[in-house]
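Peer 1: For reference, the chains in residue letters:
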Amino acid sequence: MFNFPMTPPAASNFAGEHDALFYAITFLAVLFTLIVSFLVVFFALKYRRGTKADRSRPMYENLALELSWIIIPTILGLAFFGWGTKVYIDMRTPPKDAMEIFVIGKQWMWHVQHPNGVRENNTLHVPMGKPVKLTMISQDVIHAFYIPAFRVQYMVVPGRYTQMWFTPTKKGEYHLFCNMYCGTQHSEMGGRVVVLDPREYADWLANNGSKPQTLTVAQAGEKIFNKVGCNNCHGGADNQRAPSLAGIYGKTRVMTDGARYIADETYLREAILRPSNKITKGYINSMSAYEGQLTEEEVVSLLAYIKSGANPAASEPAMSSALAAKESRISEGTAGNYVGAMQFNSQRADATPTKRGNKMNAVGAMAAEKVGDQ
Amino acid sequence: MSTTVTTPIGGLDGSPKVEQNYLTNGHTLKSWLLTTDHKRIAILYLISITFFFGLGGAFAGLIRYELIAPAGNVLESETYNKVFSAHGIIMVFLFLVAVIPATLGNFLLPMMIGARDLAFPRLNLLSWYLFNAGGALVLAALVNGGVDTGWTFYTPYSSLYSNTNVSLAITGIFLAGFASITTGMNFIVTVHKMRAPGMTWFRLPLFVWANYATAVVMILGTPVVAITLLCVVFERTFKLPIFSPELGGDPVLFQHLFWFYSHPAVYIMILPAFGVISELITNFSRKRVFGYHFIAFSSLAIAFLGFLVWGHHMFVSSQSMYQSIVFSLITYLLAVPSAIKIFNWTATMYKGNIRLDAPMIYAIAFMGLFTVGGVTGLHLATVSTDIHLTATYFIVAHFHYVMVGGTITAFLGGLHFWWPKMTGRLYNESVAKWNAVLVFVGFNLTFFPQFVMGFMGMPRRYHYYYFAPEFQPYHLMSSAGATALGLGFAVPIFYLVKSLFTGEKAGANPWGAHGLEWETQSPPITVNFETVPIVTDEVYDFDPVGEHEELMAKLAGAKS
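These protein sequences, in sequence, are chains A and B.
My numbering puts the first residue of the first sequence at 139, with every later residue one more than the last.
My numbering puts the first residue of the second sequence at 41, with every later residue one more than the last.
Bear in mind the hints are in silico, worked out from the structure with no lab data behind them.
Take these hints with a grain of salt, some might be off.
Stated by the list, open to error - What follows is a list of derived Cβ distance ranges for each label pair:
#1 Lys-389/A - Val-183/B: 40 to 48 Å
#2 Leu-183/A - Lys-70/B: 38 to 46 Å
#3 Phe-165/A - Tyr-105/B: 42 to 50 Å
#4 Met-197/A - Phe-274/B: 56 to 64 Å
#5 Asn-423/A - Ala-173/B: 30 to 38 Å
#6 Lys-308/A - Pro-263/B: 30 to 38 Å
#7 Met-197/A - Leu-540/B: 27 to 35 Å
#8 Lys-308/A - Val-537/B: 44 to 52 Å
#9 Lys-268/A - Ala-173/B: 55 to 63 Å
What the hints assert, rightly or not - Taking lysine to any residue pairs in the SDA-like style, the calculated list, with each CA pair at most 25 Å apart, reads:
#10 Lys-271/A - Gly-385/A
#11 Lys-190/A - Ile-103/B
#12 Lys-184/A - Glu-589/B
#13 Lys-538/B - Glu-587/B
#14 Lys-538/B - Pro-550/B
#15 Lys-279/B - Leu-260/B
#16 Lys-184/A - Leu-293/B
#17 Lys-416/A - Leu-466/B
#18 Lys-389/A - Ser-358/B
#19 Lys-309/A - Gln-277/A
#20 Lys-271/A - Pro-253/A
#21 Lys-234/A - Ile-209/A
#22 Lys-224/A - Val-481/B
#23 Lys-190/A - Leu-396/B
#24 Lys-234/A - Lys-279/B
#25 Lys-190/A - Ser-88/B
#26 Lys-234/A - Leu-466/B
#27 Lys-271/A - Ser-88/B
#28 Lys-416/A - Asp-583/B
#29 Lys-279/B - Gln-277/A
#30 Lys-416/A - Pro-550/B
#31 Lys-184/A - Gly-288/B
#32 Lys-271/A - Asn-113/B
#33 Lys-224/A - Asn-151/A
#34 Lys-234/A - Leu-293/B
#35 Lys-190/A - Phe-214/B
#36 Lys-224/A - Tyr-362/B
#37 Lys-308/A - Ala-148/A
#38 Lys-538/B - Ala-236/B
#39 Lys-184/A - Ala-593/B
#40 Lys-184/A - Met-592/B
Each residue gets a CB set at the ideal place from its N, CA and C atoms; glycine is no exception.
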């Protein structure tokens, strides 16, 4: 009647490291518990009132004993702390060549953008053996992106980007959960992570993504960059009103009040949405705020463009020639791009609180789509 | 403990003493509702707290019933979310924080140090009213449609998105928080200023030390959470930009402020339990406690370090990597003082004359359950394993082992131990013993499967898991265990209440226990002691060798 697994599937580079540490701590925990339980039960029986045990010379204080049970646990603790921290630093340090996928969380679904522009909802396709970095943001409340089979989890916070990374190591389908309580349908905000081998992934990107083929995220960003008029001020060279954005990503910026910030995703996002919050030294406060005018997807696209080296100088006549060619070829595709975004929004509108009736439908639907890795 | 008579407290004018005990000193409702007697206030608190525990337990029962089936049984998701929020809010703010300090602490702390009452008796009464007013507002929020934020009230969900009775519930918690602050202040002043002659700091019973440490945490931590929650109300009501990024606030700031209190709050719940266990182990081993100073100072160390580990709730919440590493390190250090206590209690049992009565069975159950709760904290203190385990059922199991297996087990043990003192009656010992075993078994069946389920990745606060049916067997075990555990919590109410009417008279010291509270009659008179006690020796001066030889001699005499 039941399948009875006791461990989660292990399908990423972190699973092995995590499990080794987990079992080592568990071993220590069980050992400690057994020692205490054995002694307590043993003493309770042996020194039960009226038994003929030797009670002479009772002990009330013993510095050596006290120190030993202070020092030994401390040393063991520090050892495990060191081990755990080493793995943790690894988990928080994505390799330079990691493929970046954008994730946007909203009540109650996940929206995923692959670098070449392919989008998907509540499912994440990733290639086996390739490091993947997720850059995540929420459009409303705090969520958490959790893949138990990969042993990775991180909160998806509104107003700032968070990141996590992993290398999938085993083909299959795994659970994707939202693991930060986010409202009525929290338990249904999830889906599947599908690990494909790299060739299958390439095929999937080519055929199975949101057809019609769209611009890459960075290209979509360039289009938005020009459409909303960023290029009017942010040109190829710094001027009084605006710096050039070429190569700005990752640079340290000095503000008028002397504060220094690294131009990372969260900084750039704020600079787009609320530019007057932080004014860079040497520039005037002239940019208008784009808060409420751009969707999170559009901001993500702009960031991808800026990170790709945004060089408006080269594209002063709107676009680089190669891109312009592509643009003319797939102008309809761009429309599709925005249709995709609208579908995303309309799905949210459908997501009214679950009624008992359509809950059962949902069960049926999910059963049909049952996670296959078990 | 040696005491000598000095100044008589009552009957100075030569009038005959008519008072019998604190329970019979006034029978009107007014004599209870306007009492300033710490013992009566403790009884009032006991009634309030039992009510809230029953209510929170009923919500827990609903949760466990709903989770038997992967797609739920009776509730809609919206309701389910309100049910687990109600369970958490009631159990944390209206039960666990107050349970031991406000009942056993209120009753015993003045008696244990030889005082007539707490330092501020009227403030103590105010505390009970604040607690009930807070509880009433929380109840109003529930009746009015509930709250769906979880007990943690994470922003911006609580401040801008939830359209349930968040503000009302928070106002209730705010008031109940002041009940806790007033109790804490009262305890600190009482311990400093009202100890009987000769009751030096290192003659204090360990229960007093533990409650003293708790009181410090209460007055330092509670204001922070009160103000933080008030900020949520301001953001909801006036759109003040504090936590919501849409308004220009920082949602993670809330987590820092919230856990700055709510982690120490764990120690508000568990430190008094440590105090109870120290008393139980010593008195039922009939042996002086091992390593008195280490147990006393470990309470203070826990109270201090407890304020420096809040970030371990936020390993995946976008705080900096270095912050997480420092919080992980301090959390590991914090494990040591708790381990010290466990080892010292174990060593106390060595060469004792152990009586396995119901309170001692609860104490032994506590040692096992709290140890499991503590060692699984290591998995969560380690950042890289916490990343996988956080917010899963592993966490749920861990904190229930500490809060239920620890605090509630200790409370039940303490309640049975001091019941004869509080009521003057003996309860049915054999029923109580078997019930303690039932609680232990039911508890483990409820919460142990949750460790496995959490390791497998079952998220907490999930109404449905039809997409992950592999979790169902564990949910079934857990729900079956919850039934046994619920029974184990209900049965004492019956036999304890029954003892009030038909229980044998207890006498001043039915356990042969040590401590000033056992030197006066049961139930005590309103002023606790006929004369101010003079303390001449430490509290736990048992004589295990002599007592054993005496018992052997008696047995031998009976045989011959």
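Peer 1: Now tell me if each hint is right for this structure.
Peer 2: Now for the hints, and whether the structure bears them out:
| no. | hint | result |
| --- | --- | --- |
| 1 | Lys-389/A - Val-183/B: 40 to 48 Å | violated, 57 Å |
| 2 | Leu-183/A - Lys-70/B: 38 to 46 Å | violated, 52 Å |
| 3 | Phe-165/A - Tyr-105/B: 42 to 50 Å | violated, 36 Å |
| 4 | Met-197/A - Phe-274/B: 56 to 64 Å | holds, 58 Å |
| 5 | Asn-423/A - Ala-173/B: 30 to 38 Å | violated, 50 Å |
| 6 | Lys-308/A - Pro-263/B: 30 to 38 Å | violated, 51 Å |
| 7 | Met-197/A - Leu-540/B: 27 to 35 Å | violated, 41 Å |
| 8 | Lys-308/A - Val-537/B: 44 to 52 Å | violated, 59 Å |
| 9 | Lys-268/A - Ala-173/B: 55 to 63 Å | holds, 59 Å |
| 10 | Lys-271/A - Gly-385/A | holds, 21 Å |
| 11 | Lys-190/A - Ile-103/B | violated, 50 Å |
| 12 | Lys-184/A - Glu-589/B | holds, 16 Å |
| 13 | Lys-538/B - Glu-587/B | violated, 33 Å |
| 14 | Lys-538/B - Pro-550/B | holds, 18 Å |
| 15 | Lys-279/B - Leu-260/B | violated, 28 Å |
| 16 | Lys-184/A - Leu-293/B | violated, 54 Å |
| 17 | Lys-416/A - Leu-466/B | violated, 71 Å |
| 18 | Lys-389/A - Ser-358/B | holds, 21 Å |
| 19 | Lys-309/A - Gln-277/A | violated, 31 Å |
| 20 | Lys-271/A - Pro-253/A | holds, 11 Å |
| 21 | Lys-234/A - Ile-209/A | violated, 41 Å |
| 22 | Lys-224/A - Val-481/B | violated, 39 Å |
| 23 | Lys-190/A - Leu-396/B | holds, 16 Å |
| 24 | Lys-234/A - Lys-279/B | violated, 41 Å |
| 25 | Lys-190/A - Ser-88/B | violated, 46 Å |
| 26 | Lys-234/A - Leu-466/B | violated, 71 Å |
| 27 | Lys-271/A - Ser-88/B | violated, 52 Å |
| 28 | Lys-416/A - Asp-583/B | violated, 73 Å |
| 29 | Lys-279/B - Gln-277/A | holds, 18 Å |
| 30 | Lys-416/A - Pro-550/B | violated, 72 Å |
| 31 | Lys-184/A - Gly-288/B | violated, 65 Å |
| 32 | Lys-271/A - Asn-113/B | violated, 39 Å |
| 33 | Lys-224/A - Asn-151/A | holds, 14 Å |
| 34 | Lys-234/A - Leu-293/B | violated, 30 Å |
| 35 | Lys-190/A - Phe-214/B | violated, 56 Å |
| 36 | Lys-224/A - Tyr-362/B | holds, 12 Å |
| 37 | Lys-308/A - Ala-148/A | holds, 8 Å |
| 38 | Lys-538/B - Ala-236/B | violated, 36 Å |
| 39 | Lys-184/A - Ala-593/B | holds, 19 Å |
| 40 | Lys-184/A - Met-592/B | holds, 16 Å |
The structure is inconsistent with the numbered hints 1, 2, 3, 5, 6, 7, 8, 11, 13, 15, 16, 17, 19, 21, 22, 24, 25, 26, 27, 28, 30, 31, 32, 34, 35, 38, although it conforms to all the rest.
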